[in-house]
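Trainee: Chain X is fixed; fit chain Z onto it per the hints.
Sequence lines, in order, name chains X and Z.
Residue numbering for the first sequence follows this note's numbering, beginning at 1 and increasing consecutively.
Residue numbering for the second sequence follows this note's numbering, beginning at 1001 and increasing consecutively.
By construction, these hints were calculated from the structure, which means they are not laboratory data.
Misleading hints may appear alongside valid ones.
As the list claims (entries may be wrong) - Within a straight-line C-alpha distance of at most 30 Å, the following computed DSBU-like cross-link-like pairs (lysine-lysine) qualify: (1) X/Lys103 <-> X/Lys301; (2) X/Lys272 <-> Z/Lys1177; (3) X/Lys297 <-> X/Lys111; (4) X/Lys347 <-> X/Lys111; (5) Z/Lys1211 <-> Z/Lys1321; (6) X/Lys336 <-> X/Lys412; (7) X/Lys272 <-> X/Lys111; (8) X/Lys177 <-> Z/Lys1177; (9) Z/Lys1272 <-> X/Lys177; (10) X/Lys177 <-> X/Lys211; (11) X/Lys330 <-> X/Lys412; (12) Z/Lys1272 <-> X/Lys272.
Unchecked claim - Far from chain X, some chain Z residues (derived; all Cβ distances over 12 Å): (13) Ala1114; (14) Gln1179; (15) Thr1184; (16) Ala1193; (17) Tyr1194; (18) Thr1236; (19) Phe1270; (20) Gly1304; (21) Lys1321; (22) Ile1325; (23) Leu1334; (24) Tyr1341; (25) Ile1343; (26) Val1348; (27) Val1374; (28) Lys1412.
Claimed, not checked - Far from chain Z, some chain X residues (derived; all Cβ distances over 10 Å): (29) Thr121; (30) Asp206; (31) Ala239; (32) Phe270; (33) Glu306; (34) Glu320; (35) Arg331; (36) Tyr345; (37) Ile407.
Bear in mind that the values here come from a model prediction, so they are computed numbers and not experimental data.
All C-beta atoms in this analysis are idealised placements derived from N, C-alpha and C, irrespective of residue type, glycine included.
The lines below spell out each chain.
Protein chains: 2
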Amino acid sequence: MSWSSGAAEEAEAIAAVSCSGHGRVYLDGMVDDENTEPVCECNSCYSGPDCSHFLTDCIADANGGDPLFLEPFWTQHAASSAVVVAGWHRMSYSYNNNGFISKELERLIRKLHAVVGNAVTQNRYIIFGAGSTQVINAAAYALSPDNSSSPAGIVASVPYYALYQQQEEYFNSAKFKFQGDPYTWRNKTDSGAYTIEFVTAPNNPDGRLNKALLQGPNVKTVYDRAYYWPHFTPITAQADEDLMVFTLSKLTGHAGSRFGWAVVKDETVFNKMTIHMQINSMGVSRDTQLRAFKLLKTALKGEGRELFDFASQTMKARWEKLSSIISLSKRFSLQKINPEYCIFYSKVREFSPAYAWVKCEREEDKDCYAVLQVAKITGRAGNAFGAEDRYVRLSLIRSQDDFDILIQRLNKLVSEENGAKII
Amino acid sequence: MSWSSGAAEEAEAIAAVSCSGHGRVYLDGMVDDENTEPVCECNSCYSGPDCSHFLTDCIADANGGDPLFLEPFWTQHAASSAVVVAGWHRMSYSYNNNGFISKELERLIRKLHAVVGNAVTQNRYIIFGAGSTQVINAAAYALSPDNSSSPAGIVASVPYYALYQQQEEYFNSAKFKFQGDPYTWRNKTDSGAYTIEFVTAPNNPDGRLNKALLQGPNVKTVYDRAYYWPHFTPITAQADEDLMVFTLSKLTGHAGSRFGWAVVKDETVFNKMTIHMQINSMGVSRDTQLRAFKLLKTALKGEGRELFDFASQTMKARWEKLSSIISLSKRFSLQKINPEYCIFYSKVREFSPAYAWVKCEREEDKDCYAVLQVAKITGRAGNAFGAEDRYVRLSLIRSQDDFDILIQRLNKLVSEENGAKII
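For reference, chain X alone in the conformation it holds in the complex:
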């Protein structure tokens, strides 16, 4: 080794700091007061220079969808997933004078879908974006009519992922308007109106394999397939929708890398999305594409079994633990989804969704978020998904520390349900 050895030493030294197993040191981490070395960044509920101090009274964070449950997989696959980025790596705007997309990464993505069997990619276009976040927005722009005096209506079934609505409202484009639930919309007489339906399958927050409600010549459908991986759901069929959105975040757990993609049938829609990516950010960072390439190469080892076995087993264990607690409760209930046949594992499987969609059953518990907050659990309130506040989403994909504390708090809450206190 010559020029790479300094960087390798630096990375290995950083990785060797354990932070008591409740935190991590990063190369670009906060440094201490003497401005020398990066310090431990502790998981929530842990503190101290080595993250060994447990904050007993802290609040269990079950809010965001940070997919840290996959972090142990990557520490266990350190050698195959590391990547050395040279100072001169891909400085250009384009790949070999030809667009913003790594063809080798595209090839790996097609291979991955073939191995998992969750989506048809033959004769389909693939476009990259900065997470599904940017891809979803590109889809909304690309599917809106070019010359229309009235904007396209964007709809999503309640409960829905809030971003669809937030983006449409924020960008405030003359091209589209958010119009809520398609069920209401379907009863409107204005059937000639141009409509884009976002279908999240499995759904965020409740994990159901939603299907489109609307159809017709002026209806376009975007399938958000972020969670359509064996970790969270039986793979019931090879999806073959016109426009399917995926993200690295919920596949490998690399939310921070901001990498997502769409599989697109129609060339015109693909071309429009390409223009979107150009005008918005000139494509996805080449550094990110290199990293995604290395991660997916590792994920594909052994026909994907290592990654998906680890991820499925973790999610199954978490779901069972949570369900068994809630099953003891009359105050709270969980979504129920019947098992289905999974073509990836070739057997009937239970769902192990990314989120628990908890309902407060007591008449007086109208604000379920507040009920949980009193028990030192932070979820995400139902209204963030266009639903009643009698519902709360609890994230099950966060770090093991976050999940353990959530279970601890839930156990206590359910045990105390009938006035009894745990000693």
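Mentor: The following block gives chain Z in isolation, referenced to the frame of chain X:
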């Protein structure tokens, strides 16, 4: 070394392939038919498996602003600029539960501005985006009025960078409309209208240190400072505008990394831009931020002298070569900018702009782009900058190969100006 050695070996093996000095192999490069190893990706005008074959008749590419002139600096600083990214590096959406921005990278950026003396950052906010592309769009949204029945007008002096107009037209927001040159706009009587002026200084395409034309209570100004580095211009003063936009692309040459930032005075504007980055892409890839961190650390060595000396000398040599050819011509002319005092180099210096803004002087040469195209030179036509097609922009920041071929073609064109042919 343990887990990092495989990645290090792989990277060094790739880097050792020379591609005859006219191309490069990348880790995620196209592989050959046997699907084994990445192959050489050749510079334009070169081909063959090792890029040794010169395509004599090829067209000199002086169109895009690919800043490959800086690539040799990074190959010369291989050891300090390499970075090893571990598989588990920053998988989370946020930095230590606190936003989308690496505080250590922010600290480096402030230090860099202090060392160069090109911008005030004390008591200013810094926001990151996917290149200045995304930052510029965030600024347009953030500076538009929240509740206005009429959209903000966006203006930029001719000749201007086309992206301002493209973005406004593409996003088609109710919040703003592109309205062309502020000079025209200033004469309008509707002085109460809300206006955002984009000022590019140094200007793209002509390198001038533009100043804002409009002022008033309803005028907001965005200074695009992408080119305000010692490579391209004397640093005449520490810029202290309300909103200044910078990009890694024109500083270190890493266009492909998609990293830009803004220095912002007003907290409300900063908060709005933060929301933009969240809704658009949930911040900049953490992989990119890590790489930018490593690159800027290298750039700051020796108080920035190594990078800026290399870059300034390269640009100076290129500008002098180009000017000396055009000075022999009556058919073509170049922009002229008077030297100014540079506070970074503590002396009066000539400009060495990123682009030549070439004018075709002959009455009949109304389409200067076509004139150059006949001579096998591709520039960018004046109309792309809102200017006459009597002008063409020629990029001087591309690879040495591209520049050498451009000079060859220009030499021939100017030599033949009076009918004489070179033998």
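Trainee: Against each hint, give a clear statement of whether it holds in the structure.
Mentor: We went through each hint and held it up to the structure:
| no. | hint | in the structure |
| --- | --- | --- |
| 1 | X/Lys103 <-> X/Lys301 | holds (20 Å) |
| 2 | X/Lys272 <-> Z/Lys1177 | holds (21 Å) |
| 3 | X/Lys297 <-> X/Lys111 | holds (10 Å) |
| 4 | X/Lys347 <-> X/Lys111 | holds (22 Å) |
| 5 | Z/Lys1211 <-> Z/Lys1321 | holds (29 Å) |
| 6 | X/Lys336 <-> X/Lys412 | holds (23 Å) |
| 7 | X/Lys272 <-> X/Lys111 | holds (25 Å) |
| 8 | X/Lys177 <-> Z/Lys1177 | holds (19 Å) |
| 9 | Z/Lys1272 <-> X/Lys177 | holds (21 Å) |
| 10 | X/Lys177 <-> X/Lys211 | holds (21 Å) |
| 11 | X/Lys330 <-> X/Lys412 | holds (14 Å) |
| 12 | Z/Lys1272 <-> X/Lys272 | holds (27 Å) |
| 13 | Ala1114 | holds (15 Å) |
| 14 | Gln1179 | holds (16 Å) |
| 15 | Thr1184 | holds (24 Å) |
| 16 | Ala1193 | holds (18 Å) |
| 17 | Tyr1194 | holds (15 Å) |
| 18 | Thr1236 | holds (28 Å) |
| 19 | Phe1270 | holds (16 Å) |
| 20 | Gly1304 | holds (16 Å) |
| 21 | Lys1321 | holds (22 Å) |
| 22 | Ile1325 | holds (26 Å) |
| 23 | Leu1334 | holds (25 Å) |
| 24 | Tyr1341 | holds (31 Å) |
| 25 | Ile1343 | holds (27 Å) |
| 26 | Val1348 | holds (32 Å) |
| 27 | Val1374 | holds (22 Å) |
| 28 | Lys1412 | holds (24 Å) |
| 29 | Thr121 | holds (18 Å) |
| 30 | Asp206 | holds (21 Å) |
| 31 | Ala239 | holds (24 Å) |
| 32 | Phe270 | holds (16 Å) |
| 33 | Glu306 | holds (13 Å) |
| 34 | Glu320 | holds (24 Å) |
| 35 | Arg331 | holds (30 Å) |
| 36 | Tyr345 | holds (25 Å) |
| 37 | Ile407 | holds (20 Å) |
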